[in-house]
Amino acid sequence: MNFEKMLKIFMKESNKKNKEIKNRNDIKRGVKKNERRNGKFKKENRK
Numbered sequence: 098m099n100f101e102k103m104l105k106i107f108m109k110e111s112n113k114k115n116k117e118i119k120n121r122n123d124i125k126r127g128v129k130k131n132e133r134r135n136g137k138f139k140k141e142n143r144k
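Quick note, the numbering used here runs 97 ahead of the 1-based positions in the sequence shown.
Careful: at least some of the hints might be erroneous.
[As the list claims (entries may be wrong)] When the alpha-carbon atoms are kept at most 25 Å apart in a straight line, the in silico DSS-like pairs for lysine-lysine are as follows:
id, residue 1, residue 2
1, Lys113, Lys102
2, Lys125, Lys114
3, Lys105, Lys116
4, Lys113, Lys125
5, Lys114, Lys102
6, Lys119, Lys109
7, Lys119, Lys105
8, Lys116, Lys102
[Unchecked claim] Computed spacing ranges between beta-carbons, pair by pair:
id, residue 1, residue 2, range
9, Asp123, Met103, 29 to 35 Å
10, Asn99, Lys125, 35 to 41 Å
11, Lys102, Asn122, 40 to 46 Å
12, Arg126, Asn99, 37 to 43 Å
13, Lys125, Lys105, 28 to 34 Å
14, Lys119, Asn99, 26 to 32 Å
15, Arg126, Ile106, 26 to 32 Å
16, Phe100, Asn120, 37 to 43 Å
17, Ile124, Met103, 38 to 44 Å
18, Phe100, Arg121, 30 to 36 Å
19, Asp123, Lys102, 28 to 34 Å
20, Arg121, Glu101, 27 to 33 Å
21, Lys125, Leu104, 29 to 35 Å
22, Glu101, Asn122, 29 to 35 Å
Just so you know, the hints here were simulated from the structure itself, not pulled from any lab data. From the three backbone atoms N, C-alpha and C, an ideal C-beta is built for every residue, glycine too.
Build the full structure now, drawing on both the sequences and the hints.
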């Protein structure tokens, strides 16, 4: 297995982990994924 392949797989795994962590944090805050995408989340923080 060459290095670039390993790197690609590693990046995929870490991206997945980061997404899971982000989702977990959002659930703790009560923010749904699509709310963040729509920008509602940011607007509420500005008030």
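Consistency of the hints with the structure:
1. Lys113 <-> Lys102: Holds. Lys113 to Lys102 sits at ~17 Å (cutoff 25 Å).
2. Lys125 <-> Lys114: Holds, at roughly 17 Å.
3. Lys105 <-> Lys116: Between Lys105 and Lys116 the Cα gap is close to 17 Å, so the pair holds against 25 Å.
4. Lys113 <-> Lys125: Given pair Lys113, Lys125 holds - Cα atoms ~18 Å apart, limit 25 Å.
5. Lys114 <-> Lys102: Status holds; Cα separation ~19 Å.
6. Lys119 <-> Lys109: The hint holds at about 15 Å.
7. Lys119 <-> Lys105: 21 Å, holds
8. Lys116 <-> Lys102: At roughly 21 Å apart (the allowed maximum being 25 Å), Lys102 and Lys116 satisfy the hint.
9. Asp123 <-> Met103: 29 to 35 Å: Check passed, 30 Å falls within 29 to 35 Å.
10. Asn99 <-> Lys125: 35 to 41 Å: Holds, at about 40 Å.
11. Lys102 <-> Asn122: 40 to 46 Å: 31 Å, violated
12. Arg126 <-> Asn99: 37 to 43 Å: 41 Å, holds
13. Lys125 <-> Lys105: 28 to 34 Å: Between Lys125 and Lys105, where Cβ atoms are some 31 Å apart, the hint holds.
14. Lys119 <-> Asn99: 26 to 32 Å: 31 Å, holds
15. Arg126 <-> Ile106: 26 to 32 Å: 31 Å, holds
16. Phe100 <-> Asn120: 37 to 43 Å: Between Phe100 and Asn120, where Cβ atoms are some 30 Å apart, the hint is violated.
17. Ile124 <-> Met103: 38 to 44 Å: Between Ile124 and Met103, where Cβ atoms are some 32 Å apart, the hint is violated.
18. Phe100 <-> Arg121: 30 to 36 Å: 31 Å, holds
19. Asp123 <-> Lys102: 28 to 34 Å: 32 Å, holds
20. Arg121 <-> Glu101: 27 to 33 Å: Because 31 Å falls inside the window, the suggested range holds.
21. Lys125 <-> Leu104: 29 to 35 Å: Because 32 Å falls inside the window, the suggested range holds.
22. Glu101 <-> Asn122: 29 to 35 Å: 31 Å, holds
Against the hints set out earlier in the document, violations occur for numbers 11, 16, 17.
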